[in-house]
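S.K.: Chains as they are written, first to last, in our numbering: chain C, 1 to 236; chain S, 1 to 288.
Just so you know, not all the hints are guaranteed correct.
What the hints assert, rightly or not - Derived PhoX-like pairs (lysine-lysine); straight-line CA-CA distance at most 25 Å:
#1 S:215 x S:11
#2 C:186 x S:277
#3 S:262 x S:11
#4 S:65 x S:11
#5 C:201 x C:72
#6 C:40 x C:54
#7 S:277 x C:201
#8 S:198 x C:193
#9 C:106 x C:210
No lab work stands behind these hints: they were computed from the structure.
Each chain is listed here by its residues.
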Amino acid sequence: MLVSEQKPLEEILRSLEGEGRVFLLGCRGCAEACQTGGEKEVLAMKETLEGAGKEIAGWAALDFLCQKGLVKTGLYPFEDQIVSADSILTMCCGIGVQVTSSVVGKVTHPACNTISLGGSRGEWWGSERCLECGDCLLDLTGGICPLTACTKSLINGPCGGARDGRCEFEPEVRECGWQLIYERLKKLDRLHKLREISLPKDFARMQPPKDLRGTAFWSLGQRQEERTGDETLGTL
Amino acid sequence: MKLSELFNDGKFVITTEAGPPKGVDVERMLEDVELLRERVDAFNVTDQQSSVMRLGSLAVSALLKRRGIEPVFQVTCRDRNRIALQSDLLSAYVLGIENVLCLTGDYVSLGDHLGAKPVFDLDSVSLLLTASRLQEGYDLAGREIAGSPTFCLGAVVNPGANPLEPQIIKMEKKIEAGARFFQTQAVYEPERFAAFMKQVEGFGVPVMVGIILLKSAGMARFMNRNVAGIHVPDHLIVEMEEAKDRAEMSVEIAGRLIREMKGLCQGVHIMALGWEKYVPTVLDAAGL
Chain C
1 MLVSEQKPLE
11 EILRSLEGEG
21 RVFLLGCRGC
31 AEACQTGGEK
41 EVLAMKETLE
51 GAGKEIAGWA
61 ALDFLCQKGL
71 VKTGLYPFED
81 QIVSADSILT
91 MCCGIGVQVT
101 SSVVGKVTHP
111 ACNTISLGGS
121 RGEWWGSERC
131 LECGDCLLDL
141 TGGICPLTAC
151 TKSLINGPCG
161 GARDGRCEFE
171 PEVRECGWQL
181 IYERLKKLDR
191 LHKLREISLP
201 KDFARMQPPK
211 DLRGTAFWSL
221 GQRQEERTGD
231 ETLGTL
Chain S
1 MKLSELFNDG
11 KFVITTEAGP
21 PKGVDVERML
31 EDVELLRERV
41 DAFNVTDQQS
51 SVMRLGSLAV
61 SALLKRRGIE
71 PVFQVTCRDR
81 NRIALQSDLL
91 SAYVLGIENV
101 LCLTGDYVSL
111 GDHLGAKPVF
121 DLDSVSLLLT
131 ASRLQEGYDL
141 AGREIAGSPT
151 FCLGAVVNPG
161 ANPLEPQIIK
171 MEKKIEAGAR
181 FFQTQAVYEP
191 ERFAAFMKQV
201 EGFGVPVMVG
211 IILLKSAGMA
221 RFMNRNVAGI
231 HVPDHLIVEM
241 EEAKDRAEMS
251 VEIAGRLIRE
261 MKGLCQGVHI
271 MALGWEKYVP
281 TVLDAAGL
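Isolated chain S, as found in the complex (with noise of 0.2 Å):
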């Protein structure tokens, strides 16, 4: 099932992430993909998520898939070049899978291959091009290709960037080359989120808000510090800080959030980060 179906029939939708392991012990993954499958719309299956190695997203794609659970099968430019890129986008189709992610990908730097060569051969607009050229019937270099692809194309967007303005404009690129949906980066600041949906609710695409759960206060300011365009103000952090129960607090958090945001975009993309059990009290705490 493509999410631009669940979107067309105006459905609030939610999705979640599966972290592939790094090896080859699928169950735990499994398990909490099963404790939320009634719960959410999808699956965004990570690929080598922050640069570190891990089980292939195209496989854990495939394993949901023939379990019945719908993925999003997450692609970076990081790692290969256009030939390979390519290739996984017909195998995923073959494979089942109608939802696609393009993105950048993180440096290599990020992660645990610090001296890996950094491919890029792509960019992630150009990656939107590439499989909207597949669906066409047609490969990057003009060959036509025996029987066609179709996917709801899906991309990212940072409305807590400093400056926003070449955000958009890449979220405007990104729409042209075939972008059928956007999640979003975290955002902890609904005012914020309102003020940049304002400015892109002319573009007719559905956007997906991004939730983090919070596992504490020291993870907050590790955020603030550390990563691009996610900032948890102030008092959310004294929130965490004094909270008994960091994961009730975390829980309500979560929930309030997504209260606040739901009525200005079209679905939640909410990542646990290992606390994929409380997934479930959030979406109550948020009435969805």
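One chain only, chain C, in its complex shape (with noise of 0.2 Å):
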């Protein structure tokens, strides 16, 4: 299982800031069991949007946002709210957000920080991958992941190495993460947000929280390998 957090409002609220309709997103898979993205926090995250005024464009709770196709053919009954709206803001791992934004022509924001991808990579494989490293930047960074999508994990925009927008690093298979991001943002008009210098990452929160890991979401990805693991070694 993903196990995804919600950013607090002040961070969500600042990420909005300028956009006056907003179409939520959740996701039944992981971000539901983790209580960050489920039906249940889509409304309640709708209510606290309202109150901080903001116009809701629409929501939907979508069967996982890991998974490219199924997030297109989701999102086609509500092609018309989501064109009203300014942005996303989709709530689950940043895998999801990352697929969000690659399928939506929209600006997508993350509500929630990724912090452990439990042994998965999501219920499919795709291009868009996490580091789980607790503390989401694709607000910054169009919906694509700096941390994954640059060899380099740069945060602060691309080396001088990319050539013809390939990596420096087996260019004939990577494109310079880097570039995408500058051509999303370009097409997005959020190219300014390219300007914001990014500390250097906390790594300390790459750690799952100690308190997290007694919860019971945590424990259904890892509990049974744990237990497992204790029997191996009790028999030998």
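Put the two chains together into one complex, using the hints given.
M.R.: Pasting the structure below:
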């Protein structure tokens, strides 16, 4: 299971600054289990944002935002609402945020930080990858993760090594992640996001907090493996 | 001596490179440095250039300083995390090193230790920010340090990058983070450089144009194919190809490029790549 936690409300509101109409998108997979982005949490977020003066263009909670095909077809009935919105607030792991922003031509904000992928990279593998950094940057980078899309995991823009949009490492197969981010931000008219200096990441946040390790949804993903491990040890 | 003092005096600043050897035999490198010390203002000491393991840039910068030669200590983010980088910056200061060039660093795949773990804990912008923080008396964790260093911090920019806009945005971030001068990737097209300088003229930070001595037409073609943001135009390749004496032609081309661009910028950074002995004649040809 992919474990996420909601970002602080102030951070979410900061990312929505200047945007009046927001479409809310939840996930009926892990985010529902984590209580960070199921229907219940989406409706709670709707109320909170309305209280903060935002207009909610619509909302949806789809199965598995980590699966591009499902997201494309699942969002189809909501097309008009999405088109009318200034942006989308996606309430799930970093993979779902990246999938959403890759299939919808809208600014996509992450509502959550991804704490652990629990040994799984989403229900379906795709090109969208998350590093479980616990401090999601996707809001600044147009929904493309610089930690996984850039070979050097740079967070302040491209290095000087890219050539014709290809990475200096394995250019025949790797695109420059920052070229992709630049093009996406330019298309979304959000290049000003690139001007903000990103401070060094807090890598301590990559270690899931100990109070979370005791919770039920953390256990769902981990307990089985650990118990099996114990038994094996006991019989040796 | 900080390079910023020279820029402030309105001097056209000249730097070149000292490449630490792979090993401990520093004689040849020091001979090359001695050859040029009277003609240049400082030597950039490269940091594991092209990800090839060598003698360290901190040690060589200190060796130069001990001989009364001004080093520009190059620091990349590839091999050290924030603890080691901050420590090396402090070490540099107590060894008398005042000029620091902050770089991201090439990926490990370009070098000779392909299995090395790439670090990139910081990037060029946050490294500059970190050095600035140390100058203010604090480390990156916000703790006070005992006595603070002062540096002249530099950074790099690639005027030939395509697209150029993200490079320029990053250049502005580097300035905001503390960069006080820039050295560029090698430039062979003065018109393109002029257009770049027009875009950054409002930044108010000195720019030193990068020059790599062409050794052959083949080298020019190799760089065109493989090095990001370097473009050697065809007419220069033809000149190199038809030259009776390649070194003489190389010197003439480099001198001409510097002459054409020196009015546009505040300094030149010459990368001789083994042809250090020709640098004085390049400077003569450039009228410097």
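S.K.: All hints are to be evaluated individually against the structure, with a verdict given for each.
M.R.: Hints, verified against the model:
no., hint, result
1, S:215 x S:11, "violated (29 Å)"
2, C:186 x S:277, "violated (47 Å)"
3, S:262 x S:11, "holds (12 Å)"
4, S:65 x S:11, "holds (21 Å)"
5, C:201 x C:72, "violated (32 Å)"
6, C:40 x C:54, "holds (19 Å)"
7, S:277 x C:201, "violated (44 Å)"
8, S:198 x C:193, "holds (24 Å)"
9, C:106 x C:210, "violated (36 Å)"
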